[in-house]
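Fit chain B to the supplied structure of chain A, relying on the hints for placement.
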Amino acid sequence: MDLSTLIQVLDSGVRLGIPLLLAALAGLYSERSGVFDIGLEGKMLMGAFTAGAVASITGSAWLGLIAAIGGSLALALIHGLASITFRGNQLISGVAINFLASGLTVLIGQNLFQLGGRTPPIKGSARFESITLPGADALADVPVFGTVYHDLISGHTILVYIAFAIVPLTWFLLFRTRFGLRLRAVGENPESVDTAGVSVLRLRYTAVAIAGILCGFAGAYLATSAPSAGFGKEMTAGKGFIALAALIFANWRPWRVLWATMLFGLLEAVAIRFQNIDVGLFVVPVQFMQALPYILTVVILAGFIGKATPPRAGGEAYVKER
Amino acid sequence: MTRLPTWADVVLIPLMSIIAAFGISALVILYIGENPWEALKIMVDGALGSAYGWGYTLYYATNFMFTGLAVSIAFRASLFNIGGEGQAMVGGLGVAIVALAFPWPHWTLALPAAMVGGIAFGAIWAAIPGWLQARRGSHIVITTMMFNFIGAALLNYVLVNVMRPAGSMDPATAKFPAGAHLPTLYELPLIGGYFNKNTPANISLFIALAACVGVWYLLFRSRLGYAIRAFGKSEKAAVYAGISPFRITMYVMLLSGGLSGMMAINNVMGEAERLVLNAVEGAGFIGIAVALMGRNHPFGVFVAALLFGFLYQGGAELGLWTTIPIELRTVVQALVILFTGALDNMMRMIVERLFALGRRRRAA
Chain A
48 MDLSTLIQVL DSGVRLGIPL LLAALAGLYS ERSGVFDIGL EGKMLMGAFT AGAVASITGS
108 AWLGLIAAIG GSLALALIHG LASITFRGNQ LISGVAINFL ASGLTVLIGQ NLFQLGGRTP
168 PIKGSARFES ITLPGADALA DVPVFGTVYH DLISGHTILV YIAFAIVPLT WFLLFRTRFG
228 LRLRAVGENP ESVDTAGVSV LRLRYTAVAI AGILCGFAGA YLATSAPSAG FGKEMTAGKG
288 FIALAALIFA NWRPWRVLWA TMLFGLLEAV AIRFQNIDVG LFVVPVQFMQ ALPYILTVVI
348 LAGFIGKATP PRAGGEAYVK ER
Chain B
195 MTRLPTWADV VLIPLMSIIA AFGISALVIL YIGENPWEAL KIMVDGALGS AYGWGYTLYY
255 ATNFMFTGLA VSIAFRASLF NIGGEGQAMV GGLGVAIVAL AFPWPHWTLA LPAAMVGGIA
315 FGAIWAAIPG WLQARRGSHI VITTMMFNFI GAALLNYVLV NVMRPAGSMD PATAKFPAGA
375 HLPTLYELPL IGGYFNKNTP ANISLFIALA ACVGVWYLLF RSRLGYAIRA FGKSEKAAVY
435 AGISPFRITM YVMLLSGGLS GMMAINNVMG EAERLVLNAV EGAGFIGIAV ALMGRNHPFG
495 VFVAALLFGF LYQGGAELGL WTTIPIELRT VVQALVILFT GALDNMMRMI VERLFALGRR
555 RRAA
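Chains as they are written, first to last, in our numbering: chain A, 48 to 369; chain B, 195 to 558.
Only chain A is shown next, with the shape it has when bound in the complex (with noise of 0.2 Å):
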């Protein structure tokens, strides 16, 4: 294999990363509050479709995003309402707002455009279009060097260099401030944040509309950064689920779901690029490849290799003392 072919690949795989570590991160803050959420998928779902259907609308972009973000959100306080107002099972209620974005994008899609629950195609200031970073051409021909910045660093649209940016914001925020250390605790032993007095349910509220949020970029990303060209029904394909594996498979830690979700994103380009693998004794087939991300979280969670520990109070519902 050659470098360009490295390149190709790798760079796919970054495309292919990013939604899973914008819902990754997303699921991140809300497990870490103590509030499970297998409903990344159905608010990823929703996100893309309003910012498909805002954006070809309204012909731009942010307010695509802005929408997108609405979308998600509103579905993330359903899942606040159930599971931490009404103390209702928070897995249930994930499942539930995965069916409802699969059927409303549709229903409403269908009403809007009549396109059998697309948008329509979108393009220029519709979408995020690529940025190409300051000396890129320049240094195009430099081997190796050049040709890696040129073709996988710079090139990809602002929301990617976002989603990276906000890895760090996560680590800094969970790890380094009083907030991030109160929402770690809410999901470890809610009691003693609500002993120390500071409110559990606005904490996890926080946290889900943050999920909603990042959700909500993830969507964005999906129907409206280039080279997509608007929303497709049930266009997350599960993504939200392989985002939720990266992130047990992360161990609920904000760098290494940067790697999971990257790892993640490159065994999904090598899938698409190769197909089946030939390697001299035996044929990996390609829909190994495809299942290795849940295979692996399974291990993973299994504890044959390293031991994923979720937050402690992850799932239940707080009641306050009387």
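Calculated from the structure, these hints are not laboratory results.
Cβ coordinates follow ideal geometry from the N, Cα and C atoms, glycine included.
Careful, some of the hints might be misleading.
Residues from chain B shown here face chain A by an in silico Cβ test under 7 Å; the list is partial [what the hints assert, rightly or not]:
#, residue
1, Glu232
2, Trp325
3, Leu326
4, Ser332
5, Phe343
6, Asn350
7, Arg441
8, Ile531
9, Asn539
10, Met540
11, Met541
Below, chain B without anything else, positioned relative to chain A:
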């Protein structure tokens, strides 16, 4: 907390949840610009108004009884088996292998054998996550969810690379032998006259009904059922009573996966008569809605499965005759799960308030 009478708990609260779910669905239909009342009429007419409609409604209901029972039995042990979809998929593989293994002379021989195949494959697909939870502490929801995707990839591999007949481009197995054909309701003596020739409802319906009774007996009349329910109520108390969490988890997941896998006699053997890629069509997930709505009781599951069968066939008719897309079914399903499952406490609070109000008035 006010104690509610049993009828309020078992009938009133689910009923209110369903009314809420259907009320919001009606708003969605209004938004689309159609008349909800007309839509309901089309659904009733299309799903229950003819022998043709019933043939589909009962076919869907059969699927949902199996998956609903599967989810219920796990819920009874406080295990959320979200993997019914994958278990039914892999169960389909078991049924297909059995059906294609012999030139079956008659369905009375093929059906029991295929059931064993479907149950075994579905049970294994659920038992692995069960074992991983009981012995390794992995979260069963996450593992069963991952197994849905792994199952889909496995099925894809097998259909594309192993079981696809030579020369066929379609990722599906060959047609099952004629002797493995299950009689449809139309072909049955006595009742056949009530049904339409071209509908898929078949003899599996009676197996599903028997499964409802069987699960009821198991849960409420057997030792194991008692242990399962005790374990679901309180693991600590169950352990104190000498019930092994490992054993219960394994039994429950084997039963649950077996029930999901058994669904394949209906959709794979009864309807398609070959195994195709997307044979389950979400029935595994609908099992969650059915179980929640049926309050994890086999009779409730039976009623809820019929309702969802109606919803599925009626929704398809809506897609044909109105501008309402078929995805309305998904929205209704989501709302039923949301209200009967996640927002159950909200409904309970409302009903408790009303009861408390009534009591105070009577006292005054």
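- Please flag the earlier hints that this structure goes against, numbers listed from lowest up. The structure breaks hints 1, 2, 7, 11; every other hint is satisfied.
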